Amino acid sequence: MSSDPAATVVVTGAAGWLGQNLVRALAPTRDRVRALVQAPSEAPLLELAGPSVEAVVGDVRDPDAVDRLFADVAGATVVHAAGVIHPDGRTRPFFDVNVGGTQMVLDRARRARAGRFVHISSNSPFGANAAPTDRFDEGSAPNPYLAYGRSKLDAEDLVRRGFGRGDIEAVILRPPWFYGPFQPRRQDRFFSALRRGRFPMVGDGRQQRSMVFTGNLVRACLAAEVADGVAGRAYWVADAEPYELRRIFAGVREALEAEGLAVSGPDAPRLPRRVADLAARADALLQGVDRYVQPVHVLGELRDTIACDIGRARAELGYEPEVSLVDGMRASIMWCLERGRRL
Amino acid sequence: MARTVLVTGGSGYFGTLLAEQAAAWGHDVRIFDLARPGPDTTAEVVIGDVRDRTALRSACEGVDVVLHNVAQVPLAKDHDLFWSVNVVGTANVLLAARDAGVGKVVHTSSSAIFGIPEGNPITEATPGRPLEAYGQAKLEAEVLCHEAAASGLDVSIVRPRTILGHGRLGIMAVLFEFVAEGAPVFVLGGGTNRYQFVHADDLADAVLRAADRPGPATYNIGADDPPTMRETISALVDHAGTGSRVRSLPTGPAAAAMRALAGADLVPFAPYHWLLYGESLWFDTTRAHDELGWAPQHSHASMLIESYEWYLTHRSTLNEPGRSHHQSPVPLGLLRLLKRLP
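Chains as they are written, first to last, in the working numbering: chain A, 1 to 343; chain B, 1001 to 1342.
These are computed hints drawn from the structure, not numbers from a lab. All the pointers check out, no bait thrown in.
Okay, the calculated beta carbon distance ranges per label pair:
| id | chain 1 | residue 1 | chain 2 | residue 2 | range |
| --- | --- | --- | --- | --- | --- |
| 1 | A | Ala262 | B | Thr1123 | 21 to 29 Å |
| 2 | B | Asp1049 | A | Arg92 | 29 to 37 Å |
| 3 | A | Arg291 | B | Glu1181 | 55 to 63 Å |
| 4 | A | Val263 | B | Gly1038 | 51 to 59 Å |
| 5 | B | Thr1123 | A | Glu320 | 38 to 46 Å |
| 6 | A | Arg92 | B | Thr1123 | 50 to 58 Å |
| 7 | A | Arg270 | B | Asp1080 | 38 to 46 Å |
| 8 | A | Arg186 | B | Thr1251 | 34 to 42 Å |
| 9 | A | Ala284 | B | Thr1123 | 51 to 59 Å |
| 10 | B | Thr1123 | A | Gly75 | 47 to 55 Å |
| 11 | B | Pro1127 | A | Gly318 | 36 to 44 Å |
| 12 | B | Glu1124 | A | Ala7 | 38 to 46 Å |
A few chain B residues that don't get close to chain A, going by computed Cβ distances all over 12 Å:
| id | residue |
| --- | --- |
| 13 | Ala1002 |
| 14 | Arg1209 |
| 15 | Trp1310 |
With the Cβ distance kept under 10 Å, some of the chain A side facing chain B (calculated, not the full set):
| id | residue |
| --- | --- |
| 16 | Arg24 |
| 17 | Ala27 |
| 18 | Pro28 |
| 19 | Pro40 |
| 20 | Ala43 |
| 21 | Pro44 |
| 22 | Leu45 |
| 23 | Glu47 |
| 24 | Ala49 |
| 25 | Gly50 |
| 26 | Leu337 |
| 27 | Glu338 |
| 28 | Arg341 |
Keep in mind it's a predicted model, so treat the numbers as computed, not measured. Note that CB positions come from ideal geometry on N, CA and C, so glycine has one too.
Looking at chain A on its own, in the form it has when it is part of the complex (with noise of 0.2 Å):
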């Protein structure tokens, strides 16, 4: 049971990690393909994907920008993607744009009559596992994790809330941590620490993570766009399973290996578990000042278990996740080298 794809679709974010690939799939089925980005320079790249895309430059926190986003697109689908993740150094921003800017995307969304409105959320409102083969479903409490999870949550909330005043016609998709295409540096140093065996290890990696393929969720966004009778509700996207944190770092040195890219060096370094602590006990005291350390906020995530499950999705969305890690690692790695990028 499923609609008819829109002939509009409104991306936020769309120079990021999950918008560079959404885009990329829709360009060539849709007529238009209104896409948000910040910088100028992200404009002509994203709209080579094809004459459908048409950027709109601007912040989501400027109605102006938003105005423009939004002119003349009723009956689009709205994929809301935007979101600060890794702010530079202060917390501020998870609120301004992850709050602010939902909130301004929600009331031009419902301004221009908009159709579905795809919100993408993240695992962080509901903190970690308690044990690692427990997993996040639907019915799961909020229980956010610092500044990032408040955010997200608050804007879960926005969202929720739009929806049940009638304005929008809301369905918020979860997914955990990203790998795929168009990654961002992060994930460059990411990669190449572990491929010299430099990335920390912490406790003994079986820790459980849920990871999303980006293309699993480019397939997630467009079935929660048609899928029928979903309105209203939230589903965790990932892939279909949750691997051991060890299990990841060893695919991820698996794919550099079958693309051609020597590893050296030991797994990864042992860490111990306590030292994840203190880091986590010490990114709290950060963020309660308004401070954002990026490495530290990493190191204190390490620790845990945040895993989920992808039954309803797959249920009522038809989701169906067709990659998993080590041929999405490969892609994301076949990505970077043929873009010269060094791992």
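Got chain A; can you put chain B on it based on the hints?
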């Protein structure tokens, strides 16, 4: 068939030559460049920046073929410009061409996308593996060409080896100055590496032939039978008869010194230059021969000697302002010291 051809970067060293040759082929030529071309050009001129989409849009009006040669060259050593000009600028050109219904784009790439290759010769199937920012930007630009081609624009790519010809200087001026003064000239590691050049006229011929061939394709372009660096430079030294001798420096220490000095701007080279001078890099040009009927007219020794003779004739006037990177000699910096070696 006479067509309207837009040459971006048409006031630069190679662009000027390409615009002249396009006119000689009977095309109506329009030049798009930041700078005015020389006074004797017969081309229509549009002054503009490839970072300006509006300027490009009007430049592409009524154009059949775009020959895209704008690039921030390695000597610029400016990473932001490599991105904004070489990558985003190329996207702008491709979009303007697509939107104006241009029938063919030929993008001039660079052998810098190959860094120091694991093996030679390099074919069109060899994957790019750049070693520095300039090569990375040129490879990104190629990716954009492929993306534009996938959405229906007819874009071909031409990758030249190091360009020579009358009026081409840049880093070659270093070599020529040493030879003219009878100073020792240096090769690295015995100079046994095979280093390929291409004459600007031969390259322009390849670009114009690629423009005439429908369908996206990539061509590697270099002169036939690349000799070793020592053979090439010996031919020049013998021709000059100034008493210069070819000497060899050990590769490792020389490269380390260059890296340190170039980083401090004490020698005129960009990473791409010192990385490659002692290395082999040569193209298999079979595809250009077969598909384009292209055959280079200039040998390595003859084009190096031609460039040197041009340098001798124009030496006194070379430092005048307003010349492009490739038309001006680079300042020697600390390399001057090498001349004093016995």
